[in-house]
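Undergrad: With the working numbering, the residue at position 139 of the sequence shown is 139, and numbering never jumps.
No lab work stands behind these hints: they were computed from the structure.
Hints may be right or wrong, so weigh each one.
[Said to hold, decoys possible] Derived EDC-like pairs (lysine to aspartate or glutamate); straight-line CA-CA distance at most 20 Å:
1) 30 - 20
2) 3 - 100
3) 92 - 164
4) 62 - 25
5) 92 - 41
6) 29 - 41
7) 62 - 36
[Stated by the list, open to error] Cβ-Cβ distance ranges computed for the label pairs, FRET-style:
8) 165 - 137: 38 to 46 Å
9) 122 - 144: 40 to 48 Å
10) 20 - 168: 30 to 38 Å
Positions of the beta carbon are idealized from the N, C-alpha and C atoms, including for glycine.
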Amino acid sequence: MAKVLINNMIQQLKNIESADLWIDENFDKKLTEVNEMTAFERPLPDMHSIAELISHLIEWRKEVLSRLNANPRGLEMTDSANWRTNSELAKKGWDNLLKEFYTSQQSVIYFLEGNDDEFLAAPYPYAGPAFPHDHKYLVTGLIHHDLYHLGQMGITIKFLKMREINQMA
């Protein structure tokens, strides 16, 4: 039972969360710049808040975990859970949202730790014939998705700080 590739993917997920990456960013570092007041703010009307981004990441982690457990596709791009509103998320609270975010990460890692490289190479049973793919594709996609939205968070936080500076001037 080889675990070289799966251990590498687990490490990547952990690194994106809290390691000293080459990109000089990780979720822990970015999220320390956000608080209950700024988490639900959209710096521009068409820009997602940090809370919206975190919720979106949670939903897709749940979806990938469900698919890794051999379930059919559940979450679709048009589903309301894909992008919950700030008012809906504010009811949950920033601390609870953060807790759910980190729990979703641990759930994926825990699941992967119980599998091996052979599992990653196994086809996802509900992939359509037009786009067959394996479990590795799902985990790689999750890593890419996390990195993409980590970058978005950086831009959102930068805009929030600029707005705060402009309001003080």
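Undergrad: Confirm or reject each hint.
TA: Tested hints:
1. Proximity of residue 30 to residue 20 is assessed by CA-CA distance (about 12 Å); at most 20 Å being required, the pair is judged to hold.
2. At most 20 Å may separate the alpha-carbon atoms for a hinted pair to count; residue 3 and residue 100 exceed this at roughly 28 Å.
3. In summary, the hint linking residue 92 to residue 164 is not supported, as the alpha carbons are separated by about 25 Å, beyond the 20 Å threshold.
4. Under the criterion of a C-alpha separation no larger than 20 Å, the hint pairing residue 62 with residue 25 is inconsistent with the structure, at around 23 Å.
5. A hinted pair counts as satisfied when its Cα atoms are at most 20 Å apart, and residue 92 with residue 41 qualifies at roughly 15 Å.
6. Using a Cα cut-off of 20 Å, the hinted pair residue 29 and residue 41 holds, with the two alpha carbons roughly 19 Å apart.
7. Simply put, residue 62 and residue 36 have alpha-carbon atoms about 24 Å apart, too far for the 20 Å limit, and the pair is violated.
8. Judged by the Cβ atoms, the range 38 to 46 Å given for residue 165 and residue 137 holds: they are separated by roughly 42 Å.
9. For residue 122 and residue 144, the Cβ-Cβ distance of about 20 Å falls outside the hinted range of 40 to 48 Å, so the restraint is violated.
10. A C-beta distance of roughly 32 Å is found between residue 20 and residue 168, which places it inside the suggested range of 30 to 38 Å.
When held up to the earlier numbered hints, the structure conflicts with 2, 3, 4, 7, 9 and fits the remainder.
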